[in-house]
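Chemist: Residue numbers (our numbering), protein chains in the order written: chain P, 16 to 275; chain F, 16 to 275.
Each statement offered as a hint is correct.
DEER-style ranges, computed between Cβ atoms:
{"id": "1", "chain 1": "F", "residue 1": "E190", "chain 2": "P", "residue 2": "S33", "range": "20 to 30 Å"}
{"id": "2", "chain 1": "P", "residue 1": "E190", "chain 2": "F", "residue 2": "E48", "range": "13 to 23 Å"}
{"id": "3", "chain 1": "F", "residue 1": "N26", "chain 2": "P", "residue 2": "Y21", "range": "14 to 24 Å"}
{"id": "4", "chain 1": "F", "residue 1": "K256", "chain 2": "P", "residue 2": "W251", "range": "26 to 36 Å"}
Chain F regions said to be covered by chain P (calculated; three or more residues, Cβ under 8 Å):
{"id": "5", "region": "92-100"}
{"id": "6", "region": "196-205"}
Distance condition first, Cα-Cα at most 35 Å in a straight line; then the derived DSBU-like pairs of lysine-lysine:
{"id": "7", "chain 1": "F", "residue 1": "K203", "chain 2": "P", "residue 2": "K102"}
{"id": "8", "chain 1": "F", "residue 1": "K264", "chain 2": "P", "residue 2": "K256"}
{"id": "9", "chain 1": "F", "residue 1": "K256", "chain 2": "F", "residue 2": "K154"}
{"id": "10", "chain 1": "F", "residue 1": "K256", "chain 2": "F", "residue 2": "K74"}
Hint data in this document are derived by calculation from the structure and do not stem from the laboratory. All values reported here derive from a predicted model rather than from experimental measurement. Ideal placement from N, C-alpha and C gives every residue a C-beta, glycine not left out.
Letter by letter, the chains look like this.
Number of protein chains: 2
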Amino acid sequence: MQDKTYNSAINLLLQHRSIRKYQDKTVPDEIIENIVQSGQQAAFAYQAYSVLLSREKEKHPFHAPLYFVICIDFHKIGKIMETKNWKVIMNDLSCMLLGMQDAAYMAQNMVIAAESLGLGTCYIGSVPYYADKIAERLKLPQKVFPLVGLTVGYPAENPPTRPRYPLEFVLFENEYPELDKNAVNRAKKEMDDGYLSQNYYRNLNAKLGLIGDREETFDYDSYSWTEHISRKLGQWEPSTKRLLEQLEKRGFSFKDTENE
Amino acid sequence: MQDKTYNSAINLLLQHRSIRKYQDKTVPDEIIENIVQSGQQAAFAYQAYSVLLSREKEKHPFHAPLYFVICIDFHKIGKIMETKNWKVIMNDLSCMLLGMQDAAYMAQNMVIAAESLGLGTCYIGSVPYYADKIAERLKLPQKVFPLVGLTVGYPAENPPTRPRYPLEFVLFENEYPELDKNAVNRAKKEMDDGYLSQNYYRNLNAKLGLIGDREETFDYDSYSWTEHISRKLGQWEPSTKRLLEQLEKRGFSFKDTENE
Chain P
16 MQDKTYNSAI NLLLQHRSIR KYQDKTVPDE IIENIVQSGQ QAAFAYQAYS VLLSREKEKH
76 PFHAPLYFVI CIDFHKIGKI METKNWKVIM NDLSCMLLGM QDAAYMAQNM VIAAESLGLG
136 TCYIGSVPYY ADKIAERLKL PQKVFPLVGL TVGYPAENPP TRPRYPLEFV LFENEYPELD
196 KNAVNRAKKE MDDGYLSQNY YRNLNAKLGL IGDREETFDY DSYSWTEHIS RKLGQWEPST
256 KRLLEQLEKR GFSFKDTENE
Chain F
16 MQDKTYNSAI NLLLQHRSIR KYQDKTVPDE IIENIVQSGQ QAAFAYQAYS VLLSREKEKH
76 PFHAPLYFVI CIDFHKIGKI METKNWKVIM NDLSCMLLGM QDAAYMAQNM VIAAESLGLG
136 TCYIGSVPYY ADKIAERLKL PQKVFPLVGL TVGYPAENPP TRPRYPLEFV LFENEYPELD
196 KNAVNRAKKE MDDGYLSQNY YRNLNAKLGL IGDREETFDY DSYSWTEHIS RKLGQWEPST
256 KRLLEQLEKR GFSFKDTENE
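One chain only, chain P, in its complex shape (with noise of 0.2 Å):
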């Protein structure tokens, strides 16, 4: 480990872990405020997001005080270029990933900020996909696509840091290297190995079972990281379908034609 030069911000960053259990507690309204004010403050490239609040905690993921459903927003910019006579014409895919990244930069600010506030917090990541029973609920317009979902409150439980792949895995300096089978191996030990000493998902009790022909090999002696997420993208969701259908029904087409 090479000298660090940490700082109260860094240190911050370095700690996050996601919090899935909640004291009863109530987030005062400036802290609210100050939150998405954090959020607001994130680089943009055209404030295309809306955040919606829930404090209805019986409702929420983990039963938070607070929920915040992160949505990107092109309905809001559409009504300022309507009063100046414009129309959005750019395509449904751009204004999409631009959007994206406004809402996720700015998503991001936020958990910092509760962070800093001494909350936890936990992204809520299938949202998307059920975008239109979000949207019915929410009563969102058309244009506006819930991203992702944000439980905040503070934490009721203490969990440490989860691990994360070597630095080497990572950051590449001038090209994308040829990734040999000793880098591959360490990235895969460093996170299994971590998964497994902390017990995290016997905790959670949360093996994924397998589809087809695969035999079952694996307890939670064995059952980390790679495991789980080989589980998920070697089985889940094969099909477009459903995602790009959730954006239709808001307004979004990846088709390849133009708006209007």
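Please arrange chain F on chain P, whose structure you already have, making use of the hints.
Modeler: Relative to the frame of chain P, chain F by itself:
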């Protein structure tokens, strides 16, 4: 303005502005490692990213000492899965949606870490449109897509923070509201007055031309944010084609078919 529960991390987030002029001063290795490791600790679905670093500043936007290209990466994870006799069958659109978030959350953490160390940054959002050229230069394998560029270095300018929408135009509780004329006009005014008072577009000499029959009625006393983004979203990139081609060249297809 209500009382704010600011702290040093939130102050850092609220002080963000993009930096487009850099000192000719080297950024030490350990700081680069800090920044990328801070990025890695962001929440992820699959750690589906790689970061390509260049220090050849004469080739970079704004001649910044460091230029990172943050990529969505499903090559690496495929390599890991291969050793376990698995392959990615998840459709490319789902991979993109989650990989883009992995990469964006990581990139935003890099920005925060860099700024906490006194560095300035600027995202380069045009990268996906030149994915083929970038892939060639960086020798990116298939299933690696360059999402965004990030310039980093010690600032040689000290611009003010830029305006954002009023909070009431971003944060909505329970449901998305009808946006009445007044709310739209307040948001417009906040953005336009703010950028005008900073002479932002005049200083950058960044007025965009008009395509077709529209008559120019703006000069730098009136040309501001809403006009600028209207000219982008209202005139540019009507077709999905260019971006779909770039994605397909990198091995990502959004057609309604299954992988394999």
